[in-house]
Structure formats: C-alpha cells, structure tokens
Amino acid sequence: MTLVSRIAALNAEYAAAIDDDRLEEWPAFFVEDCLYKITSADNLRDGNEAGIVFADSRAMLADRVLALRRANIYERQTYRHIISTPRVIDAGGIIAETPFLVVRTMRDGRMDLFVAGRYRDRLVVDAGGLRLAERLVICDSSHFDTLVAIPL
Amino acid sequence: MDQVGQWTHGLTRVPFPVYQDPAVLDQEQRLVFEGPVWNYLCLETDIPGHGDWRTTFVGRMPVVVVRTETGKIAGFENRCLHRGALICLDNAGNSKNFTCVYHAWRYDLSGTLKSVAFGKGVNGRGGMPDSFRIGDHVTRTLRIECFSGLVFGTFSDAVVDLETFIGPEVAAALRLTASRPLKVIGRFTEVLPNNWKLYAENVRDTYHASLLHVFFATFRINRLSQGGGVSVSDSGACHVSTTLAPTQDTDSAYAGMRSVDDGLHLSDPSMLDAEDEHGDRVRQQILSVFPNFAMQRTYNVMAIRQFVPRGVDKTDLNWIYLGYADDTPGLRRRRLKQLNLAGPAGFVSMEDGCIGNFVERGAVAAPHGVSLLEMGGGGTESQDTRATETAIRGFWKMWRGMMGQ
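In order, the protein sequences belong to chains A and B. According to the numbering used here, the residues represented by the first sequence are 495 to 646, in order. According to the numbering used here, the residues represented by the second sequence are 28 to 432, in order.
Pulled out of the complex, with its shape left as it was, chain B reads as follows:
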C-alpha cells in the first residue's frame, strides 16, 4: 500500500497515521493477521473433548476453533458460506456439527459445508439449480499448530513453523510456564480506547514499566536496576523480558522521580507472598508473539493477553488468568491475591488501559508527527537491560516488512 506518513531514521520513528488511518486497519487484516504470522486462538484445555469448540478472532475475523472426531484441532472462519451470518453464536460449546441458524446450512466439525436445507426444493418447487455444487463452496480454514498447551493458527502457507516463528527464548519460557497442565481461573476483557498497535507496543515496552506503574517501584517489586533483560527474536516478531528477584534493597537511579515514595508500605503485604515455583528467581516476565499474544508471569500470576482490534481506535484486550490444574489450595489463593497486580483493575496494569488513549488524544492533530523510539539505540537486538525500546522496534520491523512500509 501507499506509504503511511513519513518513515525516517530507521526504526526509531513511527508516523502517527499508522494508529489513526482506517485504511491501515483494513490492510492489516489482510497483510498482517491473515498474513505469515501465527495468531493465538485458545488453550488446548479450552477444547479437551471431541466436538468441543470456542469462538475467537484472527484480527477482526471471527473464527471457530474445534476439536474434531479424530482429536485433531481445526479452525475456520465463523461465516456461513450462504449469506455470511455467524455459524457459532456463543463463546464455547460442544456440537456434533454446526448449523447456521439463518437457513440451516450444515457444516461438519472441520468447517466443511455438508448440506443445504431445501436444496432440492419443496414439493418439487424451488431449490438450488443443478449447477450448484456444495463442493464449490469452501470455508476458509486455518492451519493449526500447538505449543505448550497454546493453540495458534495461520492462513499463510509461507510462514515458518510455530516454534521457529517464536524463537528459542520465547519457546523456553512457554515450555517452563506450561510444565504442568494449565487451568483457566478467570476471563475478563478490558476494552481499550486505542489502536491495537499502541497496546502491542506497550507490552514490548520494558522502559515504561517502573515509571508509569509507580506501584512497582514504590513497593520495590520491580526496578530497572534489578537484574534482567530483554530478548528479541531475529525477525523482531517476538520478545521475552525478564525481571529477577532483587538482590539489594535500594538504588539511586530513581532519585527525584515520581515513582519513589519510600514512605509507603502495605498494611497487608500477604498479597506479595510468592512461591518461587519454577526455581528461577523470575519475579516478572512478559513475552509476546506477533501479532496478538502476550503472556505474563508476575510472582505467581500467570495470565494470557489476547488483543483483538475492534476498530481503528478500539481494541478488546482479553485477559485469561491461569493456574495449574494441580495447584494446592494455598498456591491457588496466592494467585487469586496476586491477580490484584494484573488485569483491568491491576495495581501494575490499570495504567496500560488508559495510556494508549492518552497517545490517541495527544496525537490527534499531528498527522505529520512521529513517535520517538531511541532508548537503547536503533536496533532490535537482545539487550541485558530493560532501559531500552528494542522490542518495540522489533515489532515495527516485522509490521513494516509485512505492510510494505
């Protein structure tokens, strides 16, 4: 497509129209979400039995993910081939087949059209012409791959396999997180009043964490001077950032900033009692898989974030809170309490709900303006600090390649 705004200075400038132009959203549907990427769809545990299905999205496209009679997972566009109505109406269910409610066109569990109601007409009248052949009408199906209990799908024949796509660092983190059977313990959606890319950047923005989310720094949960760093996959598409448990009590890098208020303490600090359940000292880990997936570990919190664009300035952020199926009651209680840190009301996440909208409003009259991304240089390499914007530049490297920008 045509260039959107002015791309200058390598990956360190982003022209604001990419967040504002409705034409970009349409192009992204075709070139990014339906392009050579792996979209997060659901958890394997969401559809454990034959005929179990869930509805989800690839970009703005509604899709159905289903476990078929053979135990394989299939995915297809949730759009009837007749008039375009949704085939599945609910969030989840179990079926032997799917029938569109509008005119009862019937599909098997893989999304293949099987029959057309009144195809031969009624009492010899009406019906489909002889030229109509069911086999000519084909549902768009996803290629599915699973990794560590997560189900991903793609419409591309060209994309590399899922494990290569996410890269070794993200793969290692996901393997560890899914080392025991996962269990969903909560689902909430935060409706973000901003373009989806502002959120995709935010999850890759290791620089902002302790500056915007003051709760972290004030209560010494996470400071940039704690150990950790950020790994970016070669393509730029995926990242994992890690913060280790602190080894010292105080540091001076925050002197004079808003985020320091050493007078504060929690009356009930039991919320922060954590178990080092993986034995790796990781206090906070955020990873992303381009385009629509992030996953976090914060103390004993495990949460998936799926972002679904709803419009040029509206994004559904689906939070899926996780535990393990074999959690002890004590560990489960820790997760429930520590989840106060995450989600729409989270002490270290609620600001992410509004910050994208602050950008939308700040840049509304700046079609020739740019966003500046020079922290940590101009590259997309892995770095052993979180005072960097390398993972955001990685996102733009991938996005620009797909969008021809």
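For reference, chain A alone in the conformation it holds in the complex:
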C-alpha cells in the first residue's frame, strides 16, 4: 500500500470509530505521548496557541471520552465525517494534511454542516501500524454551534 493509502485507511477507521459511537477506541489511534488540538485557521494565523480541546497524552483523550460518557450533558447527536484524500507534505517525517467535513445530526432530526477543516498530522509507525503522533484539527471557522462534545 502507498503511504497515501495507508493514511487514508487510518482516517477511514478513525472516522468510523467516532461516527459509530465507538469513542472508547478513539485514543488508540494516537501514540501515548501524542498531541491532539482543535483550533481554527484564524488562531493558527495569529499564533494563538490555545485550542478548544488540547490533549498532550493518550490518557487525556481517554479522560475526555470518560467525561463525555459519565459527566457531561449534551443532547444525543451523531457525526458523519467525510474525509478527503490525504496530501503528503513530508514522506520521511510522515506529515500529511487532509481536508474533512463533519455533518452533525441531532436527536430531533436536525442536520447541519457542523465543521469544515483540515487535519494536519504527524504520523509514526508504531507496532507495525500507523499512529497519530500529532493531530492538529484546523477548523476553517472559529465559530462553533452550541457546543463541541464528540471529538472531531
């Protein structure tokens, strides 16, 4: 498989885990010492470091899933990730950018284009497979409707 195909396959599994509500499987797409951040194009341009989600360990990702399951209150909703073809920026360091859309469907049937953006990833080969060392979720807009519970 080409590198592009391998990254695309990872993204397909990543999206399915989230969209099928198998959130407990989501942290395993990352290495233990990872970085996952949700930010926006404007914040990136302005050099603003903060994200709306910022995790610097796989354990923090697991904690977010635990909080979503047990502590946080939000109306039942699902995502549908539509992930485009990865663009490999650096094959050696395995750095890639991949555009995505997320459609959010609420329990009452309302459906919205929730987020458009791109993943900027640094991947590593870990135990024979690709894992995310860094996933920067760069949303095209800095506006988010209502709340962001489920990860992007």
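Calculated directly from the structure, the hints in this document are not laboratory data. As the structure is a prediction and not an experimental result, all values here were calculated from the model. One or more of the hints may lead you astray.
[Said to hold, decoys possible] In silico EDC-like links for lysine to aspartate or glutamate, alpha-carbon gap of 16 Å or less: (1) B/Lys210 x A/Asp540; (2) B/Lys341 x A/Asp639; (3) B/Lys210 x A/Glu543; (4) B/Lys147 x B/Asp157; (5) B/Lys99 x B/Asp73; (6) B/Lys99 x B/Asp135; (7) B/Lys123 x B/Asp79; (8) B/Lys210 x B/Asp354; (9) B/Lys210 x B/Asp73.
Model the placement of chain B on the given structure of chain A, informed by the hints.
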C-alpha cells in the same frame, strides 16, 4: 415600553416573553446597550499601536475601536454616513484613516467624516449640492474608559464612571487578574441558540455550577460546600463569585444526586495541576459587568466572555483566552491544558451552550409562564454562599430599571 408579561413577586419571577419577544430586543438595543451602561469592547493590547483597530459590537450595533495618532482610544459606529455600509470589514487591522469601499467616503481615526469622493462632481457635472456640509454629518462616537487593560465604551452621558459602575469587588478582582500584561492566546465563538439574557443569567447563576456541570463535582473541583460566596454591586449590574480551594475531601450535601460518582478518576490528572499564581487560594472566579461581559479564572485559566445578541434567539459568545505576556513555558502549558475546562468544548462549560436552548424550547408555548428565582431569598445582596440566585436577581433589577419594567 409596555409591560412584557406579568412581573410579580418582586425580583423572583421573570415572565418568559422577555426572552421571546422581538420587540424587546429592539428596545434593549436603545435602552440597555446604548443606555447608561459600560459595554466591553476589546483589550488595550488588541490595539497597541497608533492606527491599530478592532471591530466589535455594542449590542447588535457594529463598532470600531481604534488607537488614534495621539495614543487615545476612540470608538465609533461602524456605519458609513452615506449609505450605511460597514466602514471596516475585517476583525482587526492598522490604518491611517478609514475609507468606505462603497463610494470612498473617508473618515479619520476618530471616525470623523473628512471627505466625500467626487464631492465637486466630475468635469464640472454632478457632485454634492452647495447645501451639503460635511460637518453636518456626524458619526456616533462612544465615550471610552479603560480598566485593568480592558476597554469599555458607552453612548450615555449619564452613566457613572466605569470604576464606580463595576463596584469595588469586581474592580479588585480585575486589578488582580491584570496585575501583569495580558496576552491573548486564543479566540473562539460559541453560537448559542438562545436569547442573550439566558446566558447573562447563566454566568450569574452560582447555584447551577456544580449541579449542571457534573464534571466539577465528580472530580471534586468545585462543590458548593467549598468555601466562597458571591458579591453583587449595589446597582445589581455586576457580580463576582468565588470558590476557594477545598479544605476537606468529602461532604454529604450531594448524597444521592447525579453529580456524585466517586468511582471516577482521571487517567491523566496533570490537566488539574495548578499554580496558585495570585496566592489567594481562588480555584474558580466568575465576574460579570452588565450588560455584555464576563471574565473567569479557573485554576490557571483566564478567559473573557463577551455576549453579542444576533437575534431574539441567537447569541454569539466570544471567548477570549488569556495568559500573561511573561508566562513561563510551564505555566503557559498549564493554561493550554486547563482550557479543556472552558469554552465550547469545556468539561465545565459545554453544558452552558445548550442549557439556554433547553429553556427556549421548554417555554416556547408558555407566554404567561414565569421563571422562578427564589434561591437565597428575594434580594440582590452579597451572600457568603453560592446556593443562591442573588446575582441573577441583580441582573433583573438593572434590566427592569432601564427598560421601565
């Protein structure tokens, strides 16, 4: 204006039409946002140099805030005096003057109209009549005051000075927060599907924090049985609520409630490693300035929340995440990690994004219904507990006075 719904029982009942009636939103623009209040506009550090400007809002009115050639801060309505188009189109920038893109009417940095394109016509034809005088056309300007690095503006000549308006408790908290130069480290907007007042109430609602935001209580970040209280300014307009670091491990007031789940623990509790950077044991502090501003400290999180009404049932909540310019890398990293607690995806704030809409939907067919606010009595006095709705009643005291309700 006419009474909106039935106001009874002092400040402890709020008729639902105040959140639902489009006519109220129009009245609020004139009587509240453009009335005797101080609106949060931006940070001084947003416009450090001459000609630096930012666009923001006073209620629904677009405004420009700019540092002029003299170093003074000016603010004016972002509306061309010719046809009403926006004068400034971006979020921020630097200019020597402002020119409307539509017909190139030009303004100086204070918003004063300076020239009109083709005012004398072209080749002796067209142009403005002799009766037209530039000086007759005046941009609406804000009176500006700054406090602790924050820029506020008002259209009122009657309002008291800013420091008197916010009161001594809020002033003291803001002074401490701005004791070092502030730095913006993130800007996000949460689009709330509810009337702006439901959010203004929410930030003053010390009662809900540990009950709706279960993450707090479950991980023992904040319980009402921890020390702290709420101060309300005399006018009711402003408040500051404080939660101190806990001095005991367990308490019994939450027995049997959803918010208790002692089995939970974080796999990576480093998110909650905090520095007591001000030496005051404050774990959580929320303060508000009527009508559109709140600021929080949660551990090492510092965040401004500006609320901008977009429609009767739509509000932009602008989050401005702050650090200090001289943060050590370690302290900055703490802020970035603890910001998981705040904002649109925050462990102890995401529920505030949807709860106002739950009220909107619950009360949609209840024009004669009321919201009930009796926790902690019927007054607006400061209280040494957070099991109270005193600061929400303070909001309504101010709002009703301005709206003649």
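We went through each hint and held it up to the structure:
1. B/Lys210 x A/Asp540: With Cα atoms ~12 Å apart, lysine 210 of chain B and aspartate 540 of chain A stay inside 16 Å; holds.
2. B/Lys341 x A/Asp639: Holds - the C-alpha atoms of aspartate 639 of chain A and lysine 341 of chain B are around 10 Å apart, at most 16 Å.
3. B/Lys210 x A/Glu543: Holds, at about 11 Å.
4. B/Lys147 x B/Asp157: holds (9 Å)
5. B/Lys99 x B/Asp73: Given pair lysine 99 of chain B, aspartate 73 of chain B holds - Cα atoms ~14 Å apart, limit 16 Å.
6. B/Lys99 x B/Asp135: holds (13 Å)
7. B/Lys123 x B/Asp79: holds (9 Å)
8. B/Lys210 x B/Asp354: holds (9 Å)
9. B/Lys210 x B/Asp73: Satisfied, since the Cα-Cα distance of roughly 9 Å is no more than 16 Å.
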